[in-house]
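Q: For reference, the chains in residue letters:
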Amino acid sequence: ETGVTQSPTHLIKTRGQQVTLRCSSQSGHNTVSWYQQALGQGPQFIFQYYREEENGRGNFPPRFSGLQFPNYSSELNVNALELDDSALYLCASSLTGNDNSPLHFGNGTRLTVT
Amino acid sequence: DQQVKQNSPSLSVQEGRISILNCDYTNSMFDYFLWYKKYPAEGPTFLISISSIKDKNEDGRFTVFLNKSAKHLSLHIVPSQPGDSAVYFCAANYFGNEKLTFGTGTRLTIIP
Chain A
1 ETGVTQSPTH
11 LIKTRGQQVT
21 LRCSSQSGHN
31 TVSWYQQALG
41 QGPQFIFQYY
51 REEENGRGNF
61 PPRFSGLQFP
71 NYSSELNVNA
81 LELDDSALYL
91 CASSLTGNDN
101 SPLHFGNGTR
111 LTVT
Chain B
1 DQQVKQNSPS
11 LSVQEGRISI
21 LNCDYTNSMF
31 DYFLWYKKYP
41 AEGPTFLISI
51 SSIKDKNEDG
61 RFTVFLNKSA
71 KHLSLHIVPS
81 QPGDSAVYFC
91 AANYFGNEKL
101 TFGTGTRLTI
111 IP
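Those sequence lines, one after another, are chains A and B.
Under the numbering used here, the first residue of the first sequence carries the number 1, and numbering increases by one thereafter.
Under the numbering used here, the first residue of the second sequence carries the number 1, and numbering increases by one thereafter.
Pulled out of the complex, with its shape left as it was, chain A reads as follows (with noise of 0.2 Å):
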């Protein structure tokens, strides 16, 4: 069973740049969800995919968009960066239907803005 994979694991972009990030569920899941976890925080839930489209949406600008694609991979873009948001940024995948299926998180991706 492959877990969830996501790229790059670091990131340094320059404050007004964009950025994707990118990953791979976990094989048998179809849903992929987006958390931003800040310096001492606990994760915030950016958005949720499923079969392709966006549902669900937690309080991030309209700057942070998504896809999903036919094989339930997902990309994270995030436009105009600004230094709030530096993070660690984590995907998680699970089978919509199966009440109660938890999270399977990958192990994130770091973005440094600068």
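No wet-lab data here; the hints were simulated from the structure.
Heads up, a few of these hints could be off.
[As the list claims (entries may be wrong)] Example chain A residues on the side facing chain B (calculated, C-beta under 7 Å, incomplete):
hint, residue
1, Q41
2, G42
3, P43
4, F45
5, N55
6, G56
7, S86
8, L90
9, P102
10, F105
11, G106
12, N107
13, G108
All residues carry an ideal CB built from backbone N, CA and C; glycine is no exception.
Dock chain B against the given chain A, drawing on the hints supplied.
A: Chain B in isolation, oriented as in the chain A frame:
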């Protein structure tokens, strides 16, 4: 608005003793609660969960207790082992909601 709160940022426990991690929530709609464990440079790993129809769930050394009237849950680890040293996150959800709401975490250190 912090709907899930872990008021102890850190906890140190002697090896072999019981570790008790606490979590409080404010949203009455929450009906499903989870604990995740996180090591440095890794993503959170699911540990144990409990539905609001229960007040206790056990899995090996890990037991979660839920007190709905107090909006409080706790995770008991017994006996504590050095490999349990990690950050523990409490999370909550409700049926039909796609997002997990996490607490800020408690760093548990097991002293050999």
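Q: Hint by hint, note whether the structure agrees.
A: A quick look at each hint next to the structure:
1. Q41: Constraint on Q41/A satisfied, holds at 6 Å.
2. G42: 3 Å, holds
3. P43: Given a least distance of 5 Å, the restraint on P43/A holds.
4. F45: This hint holds: F45/A lies near chain B, its Cβ roughly 4 Å from the closest one there, short of 7 Å.
5. N55: Check passed: Cβ of N55/A comes within 6 Å of chain B, closer than 7 Å.
6. G56: Holds. Min distance 4 Å.
7. S86: 17 Å, violated
8. L90: 6 Å, holds
9. P102: Check passed: Cβ of P102/A comes within 4 Å of chain B, closer than 7 Å.
10. F105: Interface hint status for F105/A: holds (3 Å vs cutoff 7 Å).
11. G106: It holds, given that the least Cβ distance between G106/A and chain B is near 5 Å, below 7 Å.
12. N107: Check passed: Cβ of N107/A comes within 5 Å of chain B, closer than 7 Å.
13. G108: 5 Å, holds
Taken one by one, the earlier hints fail for this structure only at number 7.
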